[in-house]
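Student: The sequence shown lines up with residues 6 to 717 when you count with my numbering.
No lab work stands behind these hints, which were simulated from the structure alone.
Incorrect hints may appear among the rest.
[To be verified] Below 30 Å or equal to it, Euclidean Cα-Cα: the simulated DSBU-like pairs (lysine-lysine) are:
no. : residue 1 : residue 2
1   : K521      : K373
2   : K384      : K484
3   : K373      : K325
4   : K433      : K373
5   : K121      : K131
6   : K433      : K325
7   : K537      : K484
8   : K484      : K325
9   : K537      : K705
10  : K537      : K521
11  : K433      : K484
12  : K373      : K384
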Amino acid sequence: MPRLQPKPQSVARTLLVVDDREANLVAMEALLGDGDWQVLTVNSGEAALQTLLEIDVELVLLDVQMPGMDGFEVARLMRGNPHTRYTPIIFVSAIAHTRESVLRGYATGAVDFVLKPFDPQVLKHKINTLLSHEHNRRNLQLLTQQLDSARAFNASVLSNAAEGILVVGEDGLINFANPAIAQMLHSSVEALQGTALLDHLAAPQMPEAWRESGFYQHWRSGETFRLHEAQLHTATGGILPVALSSSPLPRQQRSMVVIALDMSVVRNLHLQLETQAVTDSLTGLLNRRGFHQALSSALARVDRDGKRMAILYIDLDGFKRINDSLGHDAGDEILCRVARVLETCMRPYDIIARMGGDEFTALLDSLKHPEDAARVAEKLIELISVRHTIDGTEVTLGASVGIAHFPDSGQSVEELLRSADMAMYEAKRAGRQQYRYFSQEMNGRAHARLTMEENLRSAIDQNGFSLAYQPQIILESGKLRGFEALLRWNQDGGYVQPNVFVPLLEETRLIDQVGKWALREGMQQCRDWREKFGDELVMSFNVSPVQFSRTCLLDNLQRLLDEYQLDPAQLELEVTEGALMQDLEQSCEKLRQLRRLGVRVAVDDFGTGYSSLAYLRHFELDTLKIDRLFIANMLDSPRDAAVVSTIIDLGRNLELEVIAEGVETLAQRDWLIEHGCQVMQGFLVAPGLSLSQAQAFPHKVDWQQLDDSASH
Numbered sequence: 006m007p008r009l010q011p012k013p014q015s016v017a018r019t020l021l022v023v024d025d026r027e028a029n030l031v032a033m034e035a036l037l038g039d040g041d042w043q044v045l046t047v048n049s050g051e052a053a054l055q056t057l058l059e060i061d062v063e064l065v066l067l068d069v070q071m072p073g074m075d076g077f078e079v080a081r082l083m084r085g086n087p088h089t090r091y092t093p094i095i096f097v098s099a100i101a102h103t104r105e106s107v108l109r110g111y112a113t114g115a116v117d118f119v120l121k122p123f124d125p126q127v128l129k130h131k132i133n134t135l136l137s138h139e140h141n142r143r144n145l146q147l148l149t150q151q152l153d154s155a156r157a158f159n160a161s162v163l164s165n166a167a168e169g170i171l172v173v174g175e176d177g178l179i180n181f182a183n184p185a186i187a188q189m190l191h192s193s194v195e196a197l198q199g200t201a202l203l204d205h206l207a208a209p210q211m212p213e214a215w216r217e218s219g220f221y222q223h224w225r226s227g228e229t230f231r232l233h234e235a236q237l238h239t240a241t242g243g244i245l246p247v248a249l250s251s252s253p254l255p256r257q258q259r260s261m262v263v264i265a266l267d268m269s270v271v272r273n274l275h276l277q278l279e280t281q282a283v284t285d286s287l288t289g290l291l292n293r294r295g296f297h298q299a300l301s302s303a304l305a306r307v308d309r310d311g312k313r314m315a316i317l318y319i320d321l322d323g324f325k326r327i328n329d330s331l332g333h334d335a336g337d338e339i340l341c342r343v344a345r346v347l348e349t350c351m352r353p354y355d356i357i358a359r360m361g362g363d364e365f366t367a368l369l370d371s372l373k374h375p376e377d378a379a380r381v382a383e384k385l386i387e388l389i390s391v392r393h394t395i396d397g398t399e400v401t402l403g404a405s406v407g408i409a410h411f412p413d414s415g416q417s418v419e420e421l422l423r424s425a426d427m428a429m430y431e432a433k434r435a436g437r438q439q440y441r442y443f444s445q446e447m448n449g450r451a452h453a454r455l456t457m458e459e460n461l462r463s464a465i466d467q468n469g470f471s472l473a474y475q476p477q478i479i480l481e482s483g484k485l486r487g488f489e490a491l492l493r494w495n496q497d498g499g500y501v502q503p504n505v506f507v508p509l510l511e512e513t514r515l516i517d518q519v520g521k522w523a524l525r526e527g528m529q530q531c532r533d534w535r536e537k538f539g540d541e542l543v544m545s546f547n548v549s550p551v552q553f554s555r556t557c558l559l560d561n562l563q564r565l566l567d568e569y570q571l572d573p574a575q576l577e578l579e580v581t582e583g584a585l586m587q588d589l590e591q592s593c594e595k596l597r598q599l600r601r602l603g604v605r606v607a608v609d610d611f612g613t614g615y616s617s618l619a620y621l622r623h624f625e626l627d628t629l630k631i632d633r634l635f636i637a638n639m640l641d642s643p644r645d646a647a648v649v650s651t652i653i654d655l656g657r658n659l660e661l662e663v664i665a666e667g668v669e670t671l672a673q674r675d676w677l678i679e680h681g682c683q684v685m686q687g688f689l690v691a692p693g694l695s696l697s698q699a700q701a702f703p704h705k706v707d708w709q710q711l712d713d714s715a716s717h
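Please build the complete structure, drawing on both the sequences and the hints.
Tutor: Below you can see the structure in the form of structure tokens.
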């Protein structure tokens, strides 16, 4: 903005002489004609007013006594007109006036009175002085107008600037905010004024003390401070990306001006460009570059948390034939269909990409077992290898899958992709529509695991499971308390250990079906044994964490109890400490519901899990089962003996029944009786019995006969 300057005034300044006598006008014109001004003369007040409207006059010499309109009236009318309000007037009169008339003249706006005859030099001096004052007044008026115009211009610029503008004082408070910044922050100018600048800054992190911030430090140094990637809080709770620059104002203002540039559009455009750079335009999946980035990030994360992951490299079998015979449009449609299949069967956090052509990749994160990738591969092959109809033509597609597992098959992006690619070509050489691991050993484990899972499903469909019944004996009397129903699986005539197949049932969620069958089978048997063993026989069932967490557990139990007309106290559910500790609030509520139902609850393998007395006092339980590991070592290990003794005392004090598992010798039995344990189960009395063996089990064990038999 240029410095304000008054416009140069005309050198020939104009005087207006008003007198009704022509001789006086001629005399004044002769007297004043040699000055550096222009002299105009008129002979009446009316003519004077007309001339003032047409010509810019800087000084008026006005006769007081004139016919018609006298000098006082002319002066009054001049002061009433904005154009002549400040024009200097010198009254000229041939007669002396009274004090009242002189005051009247000054009141109408005269700046001086001159009586005839007068000294020409004095008059000229007065004229020069008044013209100089008028000249200065006009210049000042012009400067004021220019200043007002400049202020209006600056205000218009600030109000209409697209960028946000703040003026921040040396105390960090906002003194001025333009409409643009208020709109950007969804606020108002009034709401922003007086607030701290740092309160609006979401990023980057700044010191809490204003004087330690970059804004203040640069202002003190007289330097510009820039933040190219900053974020501001909006009044609606959002975040606005901005570029900020702060520049110091002149020292006397003790402030800085902060410019905020809205970067939302630029940021969104940048994100769009980044997305396009890592996205396959045909399928909408990640492209090769995007998959490399995702895999690199996953590797860094896996190194920290120790979780496993696998890469699937998928190549379509028969795609080239379809592409060549039906055209590229048909090929593109097939690729899009495969992409949707991949999205459907993968978990939300798995990463899928099209590497180019008919090759796809998938990153399976957070795997519990390396073999789990094989299950996904089989599912993919099954879903892709179907007949597709393209433009009325049926075509057959297949898929070959290579699997590389981290860290066994590689620890870098390049190694893992190369290993998965090699495994995929091995699957093609083996006959296509198959999967192969990069590791042969893992191939075998995956195959064995999948085979076992398939056999488990067959066993469920063909009722291939059975129950064994292990007696539980009251130590003091030898009386039969009840049986623990144990799940058994005989595959092809061979016995499969529960610790092998039960975890697989839980992982595949097949435990729900098997668990329901076991409950029904065992409760039906308890009803059938009512005549032989009585109404107080207790049937115990192991309940997996998966079953225990199901909301339908109580409804299923109530239905079975009603169906088989059993006393709820005859049913005991054995739950591990780990299952109870997964969700304490839910576990406490579930135990209260079981207690209201009347079903007994036992903590299985007590002491080996997450046992805590602080939590145990909140659980509504009936039984503690001491793990067989403590029983096996308690006679030789004072520590194990102390643990067993403590659990027995704990059960007694909490009014809980205590059952010792895995009792195999008379010495163990005697020690347990001596320390007040109520119930035992184990090979000393019987292993898990078949249905016919359990049917023949006595109501009471003869301890004396057992002692005599052992002594011989």
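Student: Give a verdict on every hint.
Tutor: Outcome of the hint check:
no., hint, verdict
1, K521 with K373, "holds, 26 Å"
2, K384 with K484, "violated, 53 Å"
3, K373 with K325, "violated, 36 Å"
4, K433 with K373, "holds, 27 Å"
5, K121 with K131, "holds, 15 Å"
6, K433 with K325, "holds, 15 Å"
7, K537 with K484, "holds, 14 Å"
8, K484 with K325, "violated, 75 Å"
9, K537 with K705, "holds, 12 Å"
10, K537 with K521, "holds, 25 Å"
11, K433 with K484, "violated, 65 Å"
12, K373 with K384, "holds, 18 Å"
In the structure shown, a violation is registered for the earlier hints numbered 2, 3, 8 and 11, in ascending order.
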